[in-house]
Every structure is written in C-alpha cells, then in structure tokens.
Amino acid sequence: MDQPLIQFENVHKSYGENHVLRGVDLSIYKGEITTIIGKSGEGKSVLLKHIIGLVKPDSGNILFDGKTLFSRKKNERELLRNRFSYMFQDSALFDSMTVYDNIALPLREGTRMKPAEIGECVAKRLEQLDISGIDAKYPGQLSGGMKKRVALARALVTDPEIVLFDEPTTGLDPIRKQAVHTMISDYQKRFGFTGVMVSHEIPDVFSISQRVAMLNEGKIVFQGTAEELMASDDPVVKGFITPQGMDLKDF
Amino acid sequence: MLSLIEKPIRTTGQNTLAFVSILGKAGVFFARSVFFVFYLPFQWRRILEQVYFIGAKSVTVIVLTGGFTGMVLGLQGYYTLSKFGSEGLLGSAVALTLIKELGPVLTAIMVIARAGSAMSAEIGIMRISEQIDALKTMNINPIRFLVSPRLLAGVLSFPLLTALFDTVGILGGYLTGSKLLGINSGIYFFRVEASVLMSDVREGFIKSVIFALVVITVSCFHGYYTHLRKEGFGAKGVSLSTTTAVVQACVIVLIVDYVITSILL
Numbered sequence: 001m002d003q004p005l006i007q008f009e010n011v012h013k014s015y016g017e018n019h020v021l022r023g024v025d026l027s028i029y030k031g032e033i034t035t036i037i038g039k040s041g042e043g044k045s046v047l048l049k050h051i052i053g054l055v056k057p058d059s060g061n062i063l064f065d066g067k068t069l070f071s072r073k074k075n076e077r078e079l080l081r082n083r084f085s086y087m088f089q090d091s092a093l094f095d096s097m098t099v100y101d102n103i104a105l106p107l108r109e110g111t112r113m114k115p116a117e118i119g120e121c122v123a124k125r126l127e128q129l130d131i132s133g134i135d136a137k138y139p140g141q142l143s144g145g146m147k148k149r150v151a152l153a154r155a156l157v158t159d160p161e162i163v164l165f166d167e168p169t170t171g172l173d174p175i176r177k178q179a180v181h182t183m184i185s186d187y188q189k190r191f192g193f194t195g196v197m198v199s200h201e202i203p204d205v206f207s208i209s210q211r212v213a214m215l216n217e218g219k220i221v222f223q224g225t226a227e228e229l230m231a232s233d234d235p236v237v238k239g240f241i242t243p244q245g246m247d248l249k250d251f
Numbered sequence: 001m002l003s004l005i006e007k008p009i010r011t012t013g014q015n016t017l018a019f020v021s022i023l024g025k026a027g028v029f030f031a032r033s034v035f036f037v038f039y040l041p042f043q044w045r046r047i048l049e050q051v052y053f054i055g056a057k058s059v060t061v062i063v064l065t066g067g068f069t070g071m072v073l074g075l076q077g078y079y080t081l082s083k084f085g086s087e088g089l090l091g092s093a094v095a096l097t098l099i100k101e102l103g104p105v106l107t108a109i110m111v112i113a114r115a116g117s118a119m120s121a122e123i124g125i126m127r128i129s130e131q132i133d134a135l136k137t138m139n140i141n142p143i144r145f146l147v148s149p150r151l152l153a154g155v156l157s158f159p160l161l162t163a164l165f166d167t168v169g170i171l172g173g174y175l176t177g178s179k180l181l182g183i184n185s186g187i188y189f190f191r192v193e194a195s196v197l198m199s200d201v202r203e204g205f206i207k208s209v210i211f212a213l214v215v216i217t218v219s220c221f222h223g224y225y226t227h228l229r230k231e232g233f234g235a236k237g238v239s240l241s242t243t244t245a246v247v248q249a250c251v252i253v254l255i256v257d258y259v260i261t262s263i264l265l
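Chains as they are written, first to last, in the numbering used here: chain A, 1 to 251; chain B, 1 to 265.
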C-alpha cells in the first residue's frame, strides 16, 4: 500500500480534565475520501482541526507526506495550508459580508486573479450548488441549508488539493443532501482531491467514501472500506451501525 | 494558620503572574498589529472602511460633545474669571483647556463608547462563531485582516476628530461667552489666537495618536481573545469582553494622558 498522505501517530489532546483524543492512529490516503464516523462529542471535529493546524496535539505526531507537520518552518506550514480547504460544522460564514464576498474572499486574498475572473468562479460555484441569485444576501438572511451550501462553495472555490468537511450535509433535506454528496463525489473524481469528512449520514456517505474510520472513546477503533466496516465483528462498530437498521445487503 | 498566610500570598502571586502574562500577550498583539500595517499589499479598502466607521460615523457625536463641552467651559470659565475681573481671558482658557486636554481625552472616550465597544463585540462574535478560525484555514492572518486596518484607521481618524472637537468646542465657548454673556467676540478670538501656540496643538495631536493606539489595541485585544475568558463563554463572554474593553480603554487613556502631560509640560 502507498504511503499515507496524512498520518496520525498516537495523538493525544485534552481540554482541561476532558481527555478528548487518547492515542489516535489514523492514515489518510491521497485521492481518496475518508469519512470519520462516531458518536457525537467524541472529538471528530477536534481531530479534523488537527489536520489543518487549528489545534496542536498535546503529544503524538501528525505526518504530512511522511514529514511531521509541526516541525516544519512557519512559511512551509503556510504554503502547505494553501493546499487545504475547510468546511466548518456551523458554516463559519463571515456574517458582515455578503454571500458573494464570502465565497470570493479566499480568491481575493490568496490569488492574483482579476475581479472579473473571481466573479466568474463565484458565479459558477453558486450555480453548481443551486444557489444562484443569493450573492447579494448576507448569511443572516439565509436558511441553515443554504448556509451549508455557501460554506461548501467557499471551501471548493480555490480547487484545493485536500478538503476537510465537518458534517457538510447536516441540516439539509434528503434531496439537497444527495445533491451535495453527488457534488463532492463528482468534484473528487474530476479534480482528484483528498477528502476527509466527518459525517453522521450513515449509510448515504459510504457510497462516496473510499475509506471509513470510526472514532470511539478517543481512539480509532476501525479503519477500512465501507464493506469491511459492515462485515466487522467488532462489538463497538456493530453497536454503532446496527441501530441504523443496516445490512450489507442494503448497502 | 499556615493556610491563612499562604492563601493571600498564593492569590497575589497568581494574580501577578496572570497580569504579567496578559501584559505580555497584549504587547505581542500590539507589535504584530503594527507590523502588519506595513505588510504589503496595503489593505486600502479595509482601511478606508474603518476610517469611515471610526472617523466619519463619529462626527455627529464629536460635534455634539465638543459643542456642549465648549459651552460649559464658556459658562464656568466666565463665572470663575469674572471673580478676578479677567473675563477677557475666556478665549485663552477655553482654547487651551480643549486643545491640550479635553479635546484628545473626550474624543478618545467618545470613540471608545461608539466604535471601540463595537469593534470588541464584532471581533468577539467572529471568534466564538469560528470566523477567525475560518480566516486561518484560508491562510489569512486574522490580526492583519481584522486589527491592522483598524489600527491605521484609528491613527488617521483620532487627530482629525480631535481637531473637530477642539474647533466646535471653541465655537461653543464663543456662543456662551460672547453671545450669551456678552464678552466681545473680537477679544474672545484674539485671546484664542494669541494664547494657543503650535506646541499646544502638537501636544494635543501627540496625545490623540497615542490614544488611538491604546483604544484600538485594547478594544481589539479583548474581542480577539474572548474565547480564553474563564468567567463566561459564548454571548456572555462577548458581553464581558466588550465591557472590559470599554472600561480598560477609558482608564488607560486617563493614565496615559497624565503620563504624557507630565512628560510634555
């Protein structure tokens, strides 16, 4: 098997008394979508924030292309971050900016594109996500589902190499949910980005994930394909997916 | 018995360490904010937006407070000076008090109330709703993006607002002193012109620039570190940050005013 693009080695993270990550070992491979599942409050978002450097581990290593992330020089880390994009769980849209400015901001600040080119890129993403015509609105004027799609448009507008999705479809209706999954999958196939997704959409999300990892009590208790997950005899894994009423035959 | 002695010593030590730590953090925050002002490319659009917000939108409140401060000075000054038969010196008294002292200080306090509190709340909300983290994920330095334009805009706006405050205040003094109480208007303005030196105006402007640095840094600092507050999280944290920013900025402005005055006198 290839060398993982991102690798967690015995990563620990605590917030005061709360020991969130208790020795996470996880491998994320290039060009694949890896979905992290697990109960709410297990630290999946914290794990995702470690990848982009928003949170530093208390101990353990995070390797990117085989090299420790936090031992790199600051400018090297910044260059690396340019290859990432992050979609936040609560969208984290800039509420004093219009939808257009929210999506255009990474292009204005991170590229030398002309305003007209930026306008084209933004319009294209808005159209792809079926939210054309809302570019002059402010996030506070949008529904939860629309905010999610604007956040997704912002995450994908720079054509990043690695995209981190924190519950990208929570709060969407089934049709929009399917549309977002399809779009992520299509984009991944077209541009070949590496995706890491935190999701509760079981089993829908399995159809677009090449790999699934399960976080339980601060540790990765399973990583493999969706089929391997379904066939797993691990009582923790079974206990988590059984309430969904799932069977391998249904998948 | 030991704990009775130990506890206050420990508390004092902890508070001192916390104070030094915050002071250090604020120092680094200020240094980074200043550094990013000169970091290319200049953020013209954001700087102009902030000049409009801090400067242009404060004009009404500055005109009102400046006018009434000058009018009160005119009234009080007249009755005090008339006891010594020196009403003619009213122009000097009003102008020097405003230009050297009240202009910069009251302008700073008005801007703290109007713009400083808003800055602290806005940045605080951005922090708790992960908007600052979102900037980081886009490789946009939050201090450069949020604080530096405000700092430069403050440095540009404060002296102009102070000048406006002084001018309207002197006119306010003229209204009460001359129009209401009957001092000759020629004498009033002659005294203003004769007594105010360029060094007095310079002192006022030096104060206003330093106050701008203090007000913007304190307001933005408390908003930026809202998430580290131990007393409250979320909306409560933002409200506490805003209150602390306003109170601290006002107190620091008055302390710095005393220090600068004692140096420049």
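Simulated from the structure, these hints should not be mistaken for laboratory data.
Small disclaimer: the values here were computed from a predicted structure and weren't measured.
A hint or two may mislead.
What the hints assert, rightly or not - Below 20 Å or equal to it, Euclidean Cα-Cα: the simulated EDC-like pairs (lysine to aspartate or glutamate) are: (1) K114/A to D186/A; (2) K74/A to D90/A; (3) K67/A to E127/A; (4) K136/B to D159/A; (5) K136/B to D186/A; (6) K177/A to D234/A; (7) K230/B to D135/A; (8) K136/B to E17/A; (9) K136/B to D95/A; (10) K136/B to E9/A; (11) K177/A to D204/A; (12) K74/A to D133/B; (13) K137/A to D159/A; (14) K219/A to D90/A; (15) K56/A to D133/B; (16) K136/B to D25/A; (17) K136/B to D204/A; (18) K136/B to D101/A; (19) K219/A to D58/A; (20) K124/A to E161/A; (21) K179/B to E193/B; (22) K124/A to D186/A.
Exercise for review: Any hints from earlier that this structure breaks? Give me their numbers in increasing order, please.
Suggested key: Violated hints (numbers, rising): 1, 2, 3, 5, 6, 7, 8, 10, 13, 14, 16, 17; every other hint is consistent with the structure.
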